[in-house]
Structure formats: C-alpha cells, structure tokens
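**Student:** As a plain string of letters, each chain reads:
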Amino acid sequence: MNKAEINDQVTSYRRFLWKAVRDATDGSAWFYAWMILLTALALVGLHAWAVQVRDGLAVTGISDHVSWGLYIANFTFMVGLAAGGVMMVIPAYLYHDREMHDLTIVGELLAIAAIVMSICFVVVDMGRPERFWHMFPLVGRFNWPVSMLTWDVLVLNGYLALNLHISGYLLYKRFLGERPSPKWYVPFVYLSIFWAISIHTVTAFLYSGLGGRPLWNTALLAPRFLVTAFIAGPAFIIVLLFILRRFGGVPVALRPVQILVNIVRVTLLINLLMVASELFTELYSGGSHTASGHYLFFGLHGANALVPWIWSAVAMGVISAVMFLRPDVVTKPIWLTVACALAFAGIWIEKGMGLIVPAFIPSTLHEIVEYFPSLMEWQITAGIWAWGMLILTVMLKIALPILRQPHPEPNHAVSRENASVEADLPPSLAHSQR
Amino acid sequence: MIETSEQTNAPEAGGMDRRTALKVLGATLGAAAFSQAIAPLTEWAENMSLDEYLQKHYRELSPVDLAMVMARMEKQTKEQTGVDVHIQDYRPQPGVKFGYALNLSVCVGCRRCAKACHIENNHDRPSGNSYIRVLEMEKGSLDLAKGRVNYDHPVPHPDKFYMPVQCQQCDKPPCVSVCPVEATWKESDGIVVVDYNWCIGCRYCEAACPYHARRFNWTKPQVPAAEINPDQGYLSNRLRPQGVMEKCTFCLHRSRQGKLPACLEACPTGARVFGNLLDPESEIRWVLKNKRVFVLKEDVGTQPSFFYFFDE
Chain A
1 MNKAEINDQV TSYRRFLWKA VRDATDGSAW FYAWMILLTA LALVGLHAWA
51 VQVRDGLAVT GISDHVSWGL YIANFTFMVG LAAGGVMMVI PAYLYHDREM
101 HDLTIVGELL AIAAIVMSIC FVVVDMGRPE RFWHMFPLVG RFNWPVSMLT
151 WDVLVLNGYL ALNLHISGYL LYKRFLGERP SPKWYVPFVY LSIFWAISIH
201 TVTAFLYSGL GGRPLWNTAL LAPRFLVTAF IAGPAFIIVL LFILRRFGGV
251 PVALRPVQIL VNIVRVTLLI NLLMVASELF TELYSGGSHT ASGHYLFFGL
301 HGANALVPWI WSAVAMGVIS AVMFLRPDVV TKPIWLTVAC ALAFAGIWIE
351 KGMGLIVPAF IPSTLHEIVE YFPSLMEWQI TAGIWAWGML ILTVMLKIAL
401 PILRQPHPEP NHAVSRENAS VEADLPPSLA HSQR
Chain B
1 MIETSEQTNA PEAGGMDRRT ALKVLGATLG AAAFSQAIAP LTEWAENMSL
51 DEYLQKHYRE LSPVDLAMVM ARMEKQTKEQ TGVDVHIQDY RPQPGVKFGY
101 ALNLSVCVGC RRCAKACHIE NNHDRPSGNS YIRVLEMEKG SLDLAKGRVN
151 YDHPVPHPDK FYMPVQCQQC DKPPCVSVCP VEATWKESDG IVVVDYNWCI
201 GCRYCEAACP YHARRFNWTK PQVPAAEINP DQGYLSNRLR PQGVMEKCTF
251 CLHRSRQGKL PACLEACPTG ARVFGNLLDP ESEIRWVLKN KRVFVLKEDV
301 GTQPSFFYFF DE
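Protein sequence lines, in the order shown, are assigned to chains A and B.
At position 268 of the first sequence (counting the first as 1) the number is 268 in the numbering used here, and the numbers step up by one without a gap.
At position 99 of the second sequence (counting the first as 1) the number is 99 in the numbering used here, and the numbers step up by one without a gap.
Please note that the accuracy of each hint is not assured.
Unchecked claim - Only pairs whose alpha carbons sit at most 30 angstroms apart, straight line, appear in this in silico BS3-like list of lysine-lysine:
| id | chain 1 | residue 1 | chain 2 | residue 2 |
| --- | --- | --- | --- | --- |
| 1 | B | K23 | A | K397 |
| 2 | A | K19 | B | K23 |
| 3 | B | K186 | B | K259 |
It is worth saying that the hints were derived from the structure and are not from the lab.
On a predicted model such as this, the values are computed, not experimentally measured, just so you know.
Let's have the full structure, built from the sequences with the hints guiding it.
**Tutor:** Written out as structure tokens, the structure reads:
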C-alpha cells in the first residue's frame, strides 16, 4: 500500500465516521424526544453515582450482611443479554441461514450495548472505582488464573472487542460499497459464538464456586444462566425488530422472527424445568443449607421481602411459556411483544433480585438481615439502562441506513425479496426517518 | 437515505442552519448538565493526593517508599484529627504461625471481646463495628441457624451457651483466592491481611467468606479524636479509607510484638487461648493435644486456624 492509498483510506474512514455522527444526530421529533429522555435519565444516574463515590456506598441499601444488591443483579442479567445476542448469529452462520445474515448485526450491536452496561454495573458497585488500574498488566496485580473475577474481566472485554470489530468492519465495508472479505470477519464470528457461551459460564462460576453460599453452590447455575440468556436475548431482539420495522422502516422478514420465537419457546420450557428442579432439591432435602431457598420462595421467620418478586417471576415465566406455545399468539406482533416483555421481565427478576440477593439471606452466620434497594440505587440503575439504550439507539441509527444500501453480494438476492414486507407498511412508517 | 442527508447538508437550505444551531444548543446544555452532574466527584477528588492515587501495592513498596507512605498517613491524620498517631509496619516473625482457641464452656457471652476489638482497631463509632460477633446458641445444638446475635438480657442465660466468631485465618482462605487484584493475602505467620490502599472495594471476598468475618467501609469511619488508638499497624488498625474491605488481623500490631490480641486481654473468664502453633511448648498446642477441639464449617474445606472446645 503506497502513501496515496493510505491517504485515501484515511479520508474514506473520516467520511464514514462523519456520516455516522450525522446519522446518529438526525431524526424525527420522536427520535429527539427519545434521546433527550435517555440523556436526562443517564444524567440523573451519573449524578447519583457521583454522590455515591463521594459519600460512600452507605447511600445504598447494601450492607455487610447483603453485600451485593441491585447493581450485581443487573450486571448478571446484562451479561446474559449480551450472550443472548449471539442467538442471531448461530442460525445465520452455523446453519447458513441467508435471511438471518442481514440482521445478525442487530444482535451484535445489542451485545455491545449490554456489555457496556454490565461493565458500568460493576464499576458503580466498586467502593474505589478510581483504582481500576490496579487490574492492569505491568502496573497492577491481576490475580489470574485463581480469581474468577479476573476471568470475567478478560472474557467480557474480549467479547466487547470481538463484537466491535465484527460490526464495525461490516458497516465500514458496506459504507464503501465493497464486499466484506470473509477472512476478516468470519473467523471472528465463529469465535464470538464460543465466546458468548464463555462469558456467561464464567459469570456463573463467579457465584457457583463459592462453597460458603449454598444457594449458588450448584452445578446447575451455568446451564441455567445460558438458558435464561437465550430467553432474554432473543425476546429483546424480537421486540427490537418490530420497533425497527415500525419506526425505522427496516425490512424485516418473517423467518428470522420465527427462528427466534422457536428458540424462546424451547428455552422458556427448559428454564421452568430447571427452576422446578432447584425448588425440589431445596424443599425435599431441607436443613440449614436450604434456608436461602426457603427465604426466597416462602420467607423465613417472618422475613419475606423477596417472596412477591420471585412468584411474579415464576408467573411471568409460566404465562410467557404458554403464550409462546400458542400459534395464534406468536403470529400477532402485539401479543408476541407482550409475551416477550413478560419473559424478559421474569428473567430479569429471577436472575437478579431472585438469585443474587437471597444467597446473602440468611448470612453465613445465619442472621436474617433483609435488603431493600435505596432510591439512589434505583437512580443509578435506571441511568445505566438509559445509557445502554442510548448507545444501542445511536449504533442502530448508524447501522440501518448503511445496511439499507444496495447489497454488493449477488447471492443475497433472496433477502431483498423480503423487502416486500416494507411495501406492506404505510409509506409514512417506512420512511419515518425524517 | 444518503440522498436525503446530502440534501439537508446543502448550504442554501435555511432549515439546516437552524438544525445545526439547535444541535449546538443541545450539546451545550448537555455539557453544562453533565458538569453539574459530576460535581460531587470533583469535591471528592480534592481530598486525594496524586501520591496516594499512584501508590504501589504493599509488597512492591521498598522500605524507603513504605516509610514515606506511613509518614504521609501520619501527617494526614494529624491534619484531619489533630492526633499524633504512630504507624508501623510489623512483619511476621520466622518460626511463628498463630493459632487461636476458644473455650465454649467458660465463655459467658458478655461481648467484652467485641468491645475491646471496637476500641483497639479504631472501628467506626456510629455503626458500633467490630470484627467479632457473639452468637447465643441453644444448648444441645451447634446449628448456627439456632444462634442469635442480637440477644439483650443478662448473661449467661442458663439454657444457652455462647460462641464468638471472628476471622478464622484459614489455611485455604476463599477470600484470598477470589480477590481480583491480590489486595488480600495470607502472611507467613498465618494472618490474612488487606492492603487498604490497594483494595478496589468489589466485595467479592465478603461474598466468599463463610464466616461473615469481613467488613466493608460503607463510609469514612468516624472515630472521635480523643478515642483514636495511636499505636497503629499499616496492615491492621490504622484509620481505614472509605470504600475498602477490612478484617480481623489477630491484632498483628500487638501479636507480632509478643503481646496478646485485645479480645483475649479483655476476656474476663479466660475463655481465649492464643499462641504459636509451631511451638510445642505453647498453651495453644497443649489445648489442641489435650482437648477435643473442632473448627467451624469444616465441610467447606477452609482449614481454619481458629479452634473451639468444651471443658466438660
């Protein structure tokens, strides 16, 4: 490559970035309203976090008895959501499903946003966030391979880098109107599939490796994490595809949605089986090792703060499972959206408040101290969600116009046939970008 | 899509200018709101020096570095509280491994050990923190689930026995393995310590400990100037920063000088036995040999250096 070529490359990459900024900041009044709302929420969360850093974690409801709360609950859920994004990739690449190909980037962008959120949730949980450099190689001390948390740091950042590379490369190539070179992304796509499984397995090992916390100390935890990830991720993407079709004028074929519905249909049932197995083991054997399980589902010595949470989660799981099994529900976008929302919310409770918090109640010396998140914890949590949605919106805004350019690959003609779905929509919706 | 954007970009379109102006206005408002939102961070950063921020791990500090760090901390305490404290780096002695035994037959549950710990180790006053929790147990059972910490009546109650629990200084400490930054480790004399200036405050160790032995500084610990214990160890009872973990160190600033831990000295019944496990003539070795001792939660495989026994 000579100097002129390099200059060309730099110029076109600058144009790509400039177009990205323009695409991300232009839109309808609805778009601006949405972005302003998210920015406001994110700023409220940022302020609450700044106060928490100054005044200490005493502003939260967390204590020496329940030492992890809403933040780590959301962290766990977010890792699952990130891993779940890969469920768009597996059918597309492992089963060579062409129609899925064009939409895989939606899963990858969701993974990026979710990983960013999960990292934010860890940072806000830290007592000394400014000491993050203590983990860096050479200047810090990284307790690898003994500490599972160091594994998690590696796999989460690796997954973020992988997805940034894949989606960034594909978007840039399409912007140039060039055909992406498979050797620059296909190996990374296959790697990302295994990596998605690893991020959630390692996150489960964080908890299941602790012998002093019987509720977590189960081999079922990692498989359960994966199954719930493959509920929350696809459920979110189904709704996201509907939103993109409705407000982004994006042609979404029926088949990708059907594939995702089939995945959620199965994973919801497997998860219910796993919850039932855990419940049986807790209830049938008894003894003080099962006290946390009793506390979670039925309350213990009059303390029962989590009982409404977990039964709502179970109810949402059962109702959404039934809805997903009914053909008349999954073919109607409105009902399918409701089913997805129920499944998503159910998993959020089950994996967060229903898994992280009860392991601390009773404490290791069997004291019963309950946990109630403080207002500031809710503000920070909402702020991080808003920040994640902000990132996702901006990335999708950048990606969609580029993806809707004429496709250079001839064998993608099949997928353009499905663009007829777009024609079914009223023109105002199909071009609601402006 | 592309064409639309190119068109709006054309200079003759008056709407573009307005749009740009609105974007600039929005960005300005956003930046102002952002700086307001992070204002508490600026207040907080004012109290921290660059030296403190860049300080290396305890085990990487040279003796000269460490002396400077301790002098800085003494000066800081003087400025903030007006008290002259003396911080020292007590190192483990060769040929020593500390062990602790507690006679459950004579412990009366008075909680003076917990109080002595509170004072000796410069614990936060408002929360009444201590490294020791005393459980009131049902006779006839060692089930912790039947124990109570918040008993409030004259002791000893005839139907109960009492079991103080503190750090068990495990030989296989789960809290040490889980720490992502090696801010906590086991020293050669068996004491598990924390570098308060290296800990990032993730509290993974607190989740990993099966004995509820670790404590977090949820806020900057408050100790009235008149009550500050000025004899301080770098790895033990010096005033802790906000947002880091702490734990029982068998009072290493005392025990490494041949003194006894504060909890033992405070015990009115002589229930506590402390000493060198490597010395065959020590009292702790005599207890291990002649009493039937047990350790807490042996099934979790932590191998404590803290033993319990009964007389009768």
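**Student:** Can you confirm whether the C-alpha distance between K19 of chain A and K23 of chain B stays at or below 30 angstroms?
**Tutor:** holds (16 angstroms)
**Student:** For K23 of chain B and K397 of chain A, compute the direct alpha-carbon distance and say whether it is at most 30 angstroms.
**Tutor:** Status holds; Cα separation ~17 angstroms.
**Student:** Within 30 angstroms, alpha carbon to alpha carbon, are K186 of chain B and K259 of chain B?
**Tutor:** holds (20 angstroms)
Violated hints are absent here; each numbered hint is respected by the structure.
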